[in-house]
Each structure stands twice: as structure tokens, then as C-alpha cells.
Amino acid sequence: MTNQTTEYCPECGHKMESVPGYVTWCEECNWNIDPDWRPISSLGLVERLNYRMGVKKSQLLLEENLHTDRITYPLTWRKALAYLLAGSILAGTFSLPIIAVYWFFYSNSLLLTMLAIVPFLLFTDLMLPSRWRLSGQPLRREEYPGLYRLADDIAAAVQAPPIDEIRMTNSYNAYFTKFGRRRTKIIGIGVPLFSALSLSEKIAILAHETTHHAHKDVTRSWFIVSARRIMASWYEFVYPYCEEGEVLRPISTPMRYAQLQLANLIFILYYGLGITVWDESQRAEYLADRVAGEIAGTDAACSALSKSHFAPVFWLTAEQIARYRFNSDLFGEFRQKMEHVPASEQKRIQRIRDSITVQLDSTHPPTPYRLQSLQHHQVLTPRYVPDSNLKNQLEEEFARLEEISQRYLLNDIRAAL
Numbered sequence: 001m002t003n004q005t006t007e008y009c010p011e012c013g014h015k016m017e018s019v020p021g022y023v024t025w026c027e028e029c030n031w032n033i034d035p036d037w038r039p040i041s042s043l044g045l046v047e048r049l050n051y052r053m054g055v056k057k058s059q060l061l062l063e064e065n066l067h068t069d070r071i072t073y074p075l076t077w078r079k080a081l082a083y084l085l086a087g088s089i090l091a092g093t094f095s096l097p098i099i100a101v102y103w104f105f106y107s108n109s110l111l112l113t114m115l116a117i118v119p120f121l122l123f124t125d126l127m128l129p130s131r132w133r134l135s136g137q138p139l140r141r142e143e144y145p146g147l148y149r150l151a152d153d154i155a156a157a158v159q160a161p162p163i164d165e166i167r168m169t170n171s172y173n174a175y176f177t178k179f180g181r182r183r184t185k186i187i188g189i190g191v192p193l194f195s196a197l198s199l200s201e202k203i204a205i206l207a208h209e210t211t212h213h214a215h216k217d218v219t220r221s222w223f224i225v226s227a228r229r230i231m232a233s234w235y236e237f238v239y240p241y242c243e244e245g246e247v248l249r250p251i252s253t254p255m256r257y258a259q260l261q262l263a264n265l266i267f268i269l270y271y272g273l274g275i276t277v278w279d280e281s282q283r284a285e286y287l288a289d290r291v292a293g294e295i296a297g298t299d300a301a302c303s304a305l306s307k308s309h310f311a312p313v314f315w316l317t318a319e320q321i322a323r324y325r326f327n328s329d330l331f332g333e334f335r336q337k338m339e340h341v342p343a344s345e346q347k348r349i350q351r352i353r354d355s356i357t358v359q360l361d362s363t364h365p366p367t368p369y370r371l372q373s374l375q376h377h378q379v380l381t382p383r384y385v386p387d388s389n390l391k392n393q394l395e396e397e398f399a400r401l402e403e404i405s406q407r408y409l410l411n412d413i414r415a416a417l
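In terms of my numbering, the sequence shown has 165 at position 165, counting the first letter as 1, and numbering is strictly consecutive.
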């Protein structure tokens, strides 16, 4: 690599290879091996829950998955407890407007009548639409018929109802969710991630997400999802984020302490609900991986999972193009870098893949466990292969998506520089 330079690790002083456009990290102490790593104190509720469950529990679930031909979601005491906790949380939250009405119209206390607005405003704030907003831009079926046909074909292959909506995002990920009162079935595709994938790898990712729709685990039910979102809103509302000035310190200190204790109580409830459904959440990911391997082939599923760890390379590429404008094709430049990955970057990705503490996000098992599961249930011949007409249509539609995504991404990055 022509522009390679040498730097020294700020942690241990070891020499590091620095290649423009790739992550500079230390092979000796793993400094900056994952630029997105954050300490547990700065993690969100879901991330902290998964961290505390620990590696040992993940290992037990992996062993169970390797020796199970069919993953199921039986009714257990934990699942029953999850519904009980979620019901209590929802009942407590939705009782706020009832309390407000009772205080205002039926209370004999002037103070309670005056305070009736408080629980009503609290309920309104917790249920604000902005807290439940989806990311991404919806794609119309008539404008992207090939992409919707692909999604419909995959849904049929995994025996799931058709997807209602596909959304494009500028994130390096993909997701499935049900949204709104009508429980609209939505798949979100991150254009940066999909730009790095071959068609078979795209199919593997879509099959993984669609499987969450086909096999309804409790963690994606409206009841559990709503309870967890409401608790996250409670936590965000209560947790003291800012320091007060010196003048208000005598008053603010005890208030902050009380807020912190209440936030800790909410976290304990959230943690308790999370424990009851954590096993099923992890099983659902293993099942989705297994089905993705059946639909697209094990090789495609494994390579798609590996490429999912190249997010730092994409964002470095995007920042360089936004800053120096040396290339008009962001995604083409990124694909070129993916084809000529230097040895240091290959070693970084391999070390991340081999680390049992690394996962793509808080809901997934460790990456090496997922790869081991995929390879254990190996499928050489994919169940679904699109015809040539659909392939050409998809190539044209993804090119359009990349053009739209690039415009928004570079404008946002340049605005932040």
C-alpha cells in the first residue's frame, strides 16, 4: 500500500501501520481495534443488559443451538413473568391520564386539582411520537418493484407474510420491525452496508431480518416492545444529565440524588424484564442466521456477517471524500477499498470476529458464536436464487439508492466538518 506510514500506540508505544482510509490500531494491546467501542457507563439500557448477562450465558446458548435441530419458543415461567412485568409497566403508565382525570374532576383537594395536569403532561411526554419515530425514508413499491419482489420472494421462502414497507437508511445496518397501531411490517436496509454486499449476501441479510417476522419470538411482540420502550422513556425522563450552577447546588444535589435512585429503580425493572426474555432473543438471532444460511447459502451468510464489521472503513471513506472531494462516487470508492484490504485491516477484522466480547449490536450473540453456528449447520446450495431479469432490475435500483444516499451523507458530513 503506497501511502502507508508508521505511528506509535498512545497506550503501549508499539509501532502501528497507518493506511489512509482504514482504521489505525495497535496489534500489541488492541488499542482502537473497535472505534465504536464505549465503556459500560456510557451504554444504553439494552447494551448494559447484554453486557451484564456475560459470556458464560452466551456460551451455554451456543451449545444448545449446536445440538438442536429445530429452535422453538416454548411457554416457560420466564416468558409468563415477562408478560406479567410488561403488563404492570403498561398498566402503570396508562393509569397516569386516569389519575389526572380523577384528581381534576373528583378530588375534594384543591392541591390535587391543581396538580392534575402533572400526570397528564408526564404521560404525554412519555408517549410523544418523536420517541417512537422510525429512521429512514420509505420506498414506494411502484418505484422499486425489483426490491419489493425480492423481499416478497424471500418472505415466501421463509414462510412469512409479505413485507408492507421497505425503508432506506444511511446507517451501516439493517432491521425488521412492526410499527404503529396497524403493526406495519417494515424492513430497513442501510445503503452503506448493502453497497458492500454481493447479491447473495444481500439476500442473506434480508432473509435474516424476514425470519424475525416469520418466527414470532416474544421479544418482538407489541406487549414486550411497548413496555421496554416506555421504560426507556421513563429512564431518559428521570435520569439527571446536567449539572446545576453553584447557586442552585444546595437544592439540586438532593434532587439529583433522588432522580438517580429513581433511575436506578427503573433500570432494575428494565433489567428484570430483559432477563426474562434474553434467552429467547438470542435464540431468535441464531434461528434467523440458520434460515439465512438455508436461503442464501452458508458462505454468503458468513461473508455478509464479516462485512458487517467494516463500518469504520466506510465512515472513514465518507469523511475523506466529503473533506477532500477526490472522488464523486462514495460507494464505488468504498467497494474498491473492500477489494484491496491491507493486511493490518484484515487482521483487525479477524481479531474482532474471534473475540467473544464483540457483537454487531446489543441484541445479537457474539460474532464468533454466530459464525460457528452457521458453519455447524452448513448449507452448500442456496434455496433461493433470483432470475437474471430480477438481478438486472436490482442492480439498477440499488444504484439509484446509492445516488440518493450519497447526496444526503456527504451533505451531512460536510455540514458537521
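For the record, the hints were derived by calculation from the structure and aren't laboratory data. Watch out, some of these pointers could steer you wrong.
[Stated by the list, open to error] Lysine-lysine pairs mimicking DSS-like chemistry, simulated, CA-CA at most 27 Å apart:
1. K185 x K347
2. K185 x K57
3. K15 x K216
4. K391 x K347
[What the hints assert, rightly or not] Cβ-Cβ distance ranges computed for the label pairs, FRET-style:
5. W31 x I117: 46 to 54 Å
6. E395 x A156: 38 to 46 Å
7. L90 x Q259: 39 to 47 Å
8. P162 x L90: 23 to 31 Å
None of these values were measured; they are calculated from a predicted model. We treat Cβ as the ideally placed atom computed from N, Cα and C, and that holds for glycine.
Okay, the hints, checked on the actual structure:
| no. | hint | verdict |
| --- | --- | --- |
| 1 | K185 x K347 | violated (38 Å) |
| 2 | K185 x K57 | violated (31 Å) |
| 3 | K15 x K216 | violated (50 Å) |
| 4 | K391 x K347 | violated (33 Å) |
| 5 | W31 x I117: 46 to 54 Å | holds (52 Å) |
| 6 | E395 x A156: 38 to 46 Å | violated (22 Å) |
| 7 | L90 x Q259: 39 to 47 Å | violated (23 Å) |
| 8 | P162 x L90: 23 to 31 Å | holds (29 Å) |
Of the numbered hints stated above, those contradicted by the structure are hints 1, 2, 3, 4, 6, 7, listed in ascending order.
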